[in-house]
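Protein chains in written order, with this note's numbering: chain A, 50 to 366; chain B, 50 to 366; chain C, 50 to 366; chain D, 50 to 366.
To be clear, the hints were calculated from the coordinates, so they are not data collected in a lab. Be aware that one or more of the hints could be misleading.
Unchecked claim - Label-pair distances were calculated between CB atoms; the ranges are:
id: 1; chain 1: B; residue 1: V173; chain 2: A; residue 2: Y135; range: 54 to 64 Å
id: 2; chain 1: B; residue 1: G174; chain 2: A; residue 2: L354; range: 26 to 36 Å
id: 3; chain 1: C; residue 1: A107; chain 2: D; residue 2: T359; range: 53 to 63 Å
Glycine included, every Cβ here is placed at the ideal spot set by N, Cα and C.
Number of protein chains: 4
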Amino acid sequence: MGVMRIGHINIRVLDMDAARHHYENVIGLLYVDEDPQGNVYLKGWDEWDKYSVILSPAARAGMNHIAYKVESDADLDGFRARISDYGVDVEECAAGALRDCGRSLRFELPSGHVMYLYAEKSFVGKSVGTVNPDPWPDGLKGAGVHWLDHALLMCELDPENGVNKVAEATAFMEKVLDFKLTEQVMAGPDGDVQAATWLTRTSTPHDIAFVGGPVKGFHHCAFYLEDWSDVLKSADVMGKNKVKIDITPQRHGITRGGTIYFFDPSGNRNETFAGLGYLGQPDMPVITWTEDELGRGIFYHTGELNEAFTEVYTEGA
Amino acid sequence: MGVMRIGHINIRVLDMDAARHHYENVIGLLYVDEDPQGNVYLKGWDEWDKYSVILSPAARAGMNHIAYKVESDADLDGFRARISDYGVDVEECAAGALRDCGRSLRFELPSGHVMYLYAEKSFVGKSVGTVNPDPWPDGLKGAGVHWLDHALLMCELDPENGVNKVAEATAFMEKVLDFKLTEQVMAGPDGDVQAATWLTRTSTPHDIAFVGGPVKGFHHCAFYLEDWSDVLKSADVMGKNKVKIDITPQRHGITRGGTIYFFDPSGNRNETFAGLGYLGQPDMPVITWTEDELGRGIFYHTGELNEAFTEVYTEGA
Amino acid sequence: MGVMRIGHINIRVLDMDAARHHYENVIGLLYVDEDPQGNVYLKGWDEWDKYSVILSPAARAGMNHIAYKVESDADLDGFRARISDYGVDVEECAAGALRDCGRSLRFELPSGHVMYLYAEKSFVGKSVGTVNPDPWPDGLKGAGVHWLDHALLMCELDPENGVNKVAEATAFMEKVLDFKLTEQVMAGPDGDVQAATWLTRTSTPHDIAFVGGPVKGFHHCAFYLEDWSDVLKSADVMGKNKVKIDITPQRHGITRGGTIYFFDPSGNRNETFAGLGYLGQPDMPVITWTEDELGRGIFYHTGELNEAFTEVYTEGA
Amino acid sequence: MGVMRIGHINIRVLDMDAARHHYENVIGLLYVDEDPQGNVYLKGWDEWDKYSVILSPAARAGMNHIAYKVESDADLDGFRARISDYGVDVEECAAGALRDCGRSLRFELPSGHVMYLYAEKSFVGKSVGTVNPDPWPDGLKGAGVHWLDHALLMCELDPENGVNKVAEATAFMEKVLDFKLTEQVMAGPDGDVQAATWLTRTSTPHDIAFVGGPVKGFHHCAFYLEDWSDVLKSADVMGKNKVKIDITPQRHGITRGGTIYFFDPSGNRNETFAGLGYLGQPDMPVITWTEDELGRGIFYHTGELNEAFTEVYTEGA
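Isolated chain A (complex conformation) (with noise of 0.2 Å):
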């Protein structure tokens, strides 16, 4: 019961053309719909939902609002209760809101992103089917992404003026969601300062991630690969594409997985993800990052934060 898992994402971008050969081609994610209003919906192979990932023109790039599936449609009613009850509006939208989705619950997290709940969504399958499956399909292209894993959202973080956007939305994830934390980074002075967070609801390290920055922000999205093999696959890929990346092939402290990052041509960051090794439970203990170590948190190998992971982002919404 409850939150399943990252249901898809609303990104913007400027350029359609180049934006679908990105996520199509490079990325290897498949088209599924195009609406009225020239949205484009995309799935990974191996995700058996309609879409994981809307693409939608836009003059600025950024994310629009992110959406979890929740196990049944019941669980929209207590989560609805439950998010009013903590003092956040909450919309109910009616299926078809979200395209080929039952109902939905809109809200605002406290950092201020868009968030929808909804229990279904028009059932596609995975590429290999349901009966006697290869464990991959033919006709991958580019990278041949899983699914879509997670999002990291930058959230305002003040201290000194006392605004940390990052716990007020970890909170709520917590309190509200029932999302598990699994890793955090303490800063400031005393170490009391909540800087950067992780949370999930399936087994996994994350299904949502936020980062303290300047304003509200979308820091990046993230795509799942098999294993470690495939992230020097899917650098391979960037290689070939020229596509502009921002870290090459490395371990995350936090979380342990194998990553790369990159942009699409709007200048949206995505990561191409490969779990090594991790296995979130709700009595694990929480694992906290200190702030002198936090750039070996984020990137183990070097112990160091690129400018642009910190500095780079897009609009939050």
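Since chain A is already given, all that's left is putting chains B, C and D on it; use the hints.
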């Protein structure tokens, strides 16, 4: 709420010194404790609870019991009622009945295997700690497994005589313990005999599995590896130690995982297993394998079951 | 100066359409040419010479000949004299006798297998070109092998009757063609029977190998993969295509390489092979495997030879 | 006949204890000897000759000399004549001038770097032995490198003033020592300035390389890893040991190899390198990188050189 994951397995071994060498130096579990009865307690470096394997000296190999951890103590009351209502005898055991655990429920699956549920076990912590942890600890031995991942229990299957303990155990896990069926083998002339099943509570492909056989038995327990390269390392370790290998590195069709099977010195089958891109979810469509493709389901590369895999097992209690 | 590497192999196939599907779509070689006799010429994407495999339609499977490329045309004169001086008949064939090749030497190894040496073959180039090349080309099919790596020839071995064609072929390769013996299996009650050998001219572990058997035969030819992760991919491809697999992913003790063995539709054995840390050198001490450890030498993980490996082969000419 | 491979490198270090910790516990070389002058001799576990690295205490970091092993003692006479005939001063040193080596030739490359050739060095053997060896030994430390693989020497390059020591050193290696040019960077407005070169005697992509810079310098020496998964492990080891990393896991366009770069405690750059599908051969067409694609040639994923890579180096003698 509910069952979180596999908690531990109690394995019977004929020669404790040989068993300890195997589970500690070859598989790479850590010794944590021993009780006056000579039972030895082991854990994986990445587990935080005190133990996940109990080795018990015995005259015959096999499994004594398997235990799953539930999220809260209150869950035990709910499960006690549900199990009993389902018509299965259930006994509440006092704290300490399972060493270093809180109170527990003891019952037999419809297949006859003994299962415990418990909510509390002494906390030891991962070898890498919780503050600025490294991704893996120094000094790992052998295959250096992360954690106990799952077990496969052999259930009596004789459809001509109306006996199908696979289906009965599966129904129990789904209906009473809220496990999700991820994959199944449907056999028989009409394809209506559920001959093997895989079920999960985490988002991994399976936390327990059942396979039909002549009698109740213990097929194997599996330990988790980081990725496919560690499957090679694990197999190399078996070669170096002249461990009897059942199946060399291969991919399962079912679960897609990378695997090797081998035997402990008592003849109990072990697996080291690496997840390779799979997200178990309540709404994931059940994957069905037909009997003619069962070989490929188990061993995707050859598409053939070896005789040992189906005919060699140890006792289920 | 001298022999550089394996140049090509001429394989007999029973059904050309099935063979082309196998070598092109499954193994991933590229079609380059066909001659009026119906022979089909193929190359790996990473090879620069015109072809490395010739498929010849035939009533019985097997190998017609194997060819090695020497560094310069003048080398052929030197080898012609050395071969002849060694007491082996050698024939000089005009340019074009081997399609698109310069003049060549044709002779039988002491084991009876037909070998050619040549210095020139038409240049086609790697698929990635020579200016700012990508590390791999787009559009690879199946296992996407790099190049023909080596072959294993079966030689008559009957030590009780004083027959050891393995030792004779090996001595010829060492003394006449300047190959370096890297590894050997010593069998017999006194451990003095050279029962299998691996020899190289490059710094890979082997460019040719010989194994004892009841008659002259063709054991397998091997194609090169980038690394262990491609061994998994290659095995997945075999599973997807329902290719008959002999040996699933495993490490050789001999050569340390990662490997799978499988059969082409005619019954010829193929290998896809990834080097895993080995530098063949003239001064590297010869590695010796004793007969009791032969199984581990061939298949390091199980330490056991499967029956098929030693008993199934095709014709050596 | 001729040069076989890199034999050893003599590296200057500022703090021997720190250097030994780095080369032994982090890189994973084995200590073999120490001389009265305080030079420390190390080898890789997979090397059979006594040492491949000499650490020399010094006030400034850098490389004292690099040595290559030739196949036979008689080769030294031939090379002495050829070097001298080329107009380069060459000195014959008595056995023992290089510790535990036979007589050697000492000369300066046209770039000014000191090189030795020798034919004999005391034999120690691989850690896994020569009879039924395991694929890797127990007890490896850190990155557990196999062998010293190659070095990159910085050569003065000032084409506007007619200075190109890269081209001069390359011509010497090709014409006098029979190295094969595998790849080159052509720079300058007309693309006719050979600004970096990679040369080989084995069938690996390079046994030595030269890159242009402001002065003679030592860019890095590289140690061999089994495959891409060991590149991750190596980078993890650097992270665990807080070693200063220059470049995290990435693929070279040039050589296609998997790589990380990092610094020893004295500031000398090291690389751990895994070959990923490359067969150097005398007839392989030379691969040329144009200046505008140099970044991609060095770092295929980003396509950009980092500043440190070109500007940080230690002394070449």
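So, going through the hints one by one against the coordinates:
no. : hint                        : verdict
1   : B/V173 - A/Y135: 54 to 64 Å : violated, 36 Å
2   : B/G174 - A/L354: 26 to 36 Å : holds, 28 Å
3   : C/A107 - D/T359: 53 to 63 Å : holds, 57 Å
When each numbered hint is compared with the structure, a violation occurs for hint 1 only.
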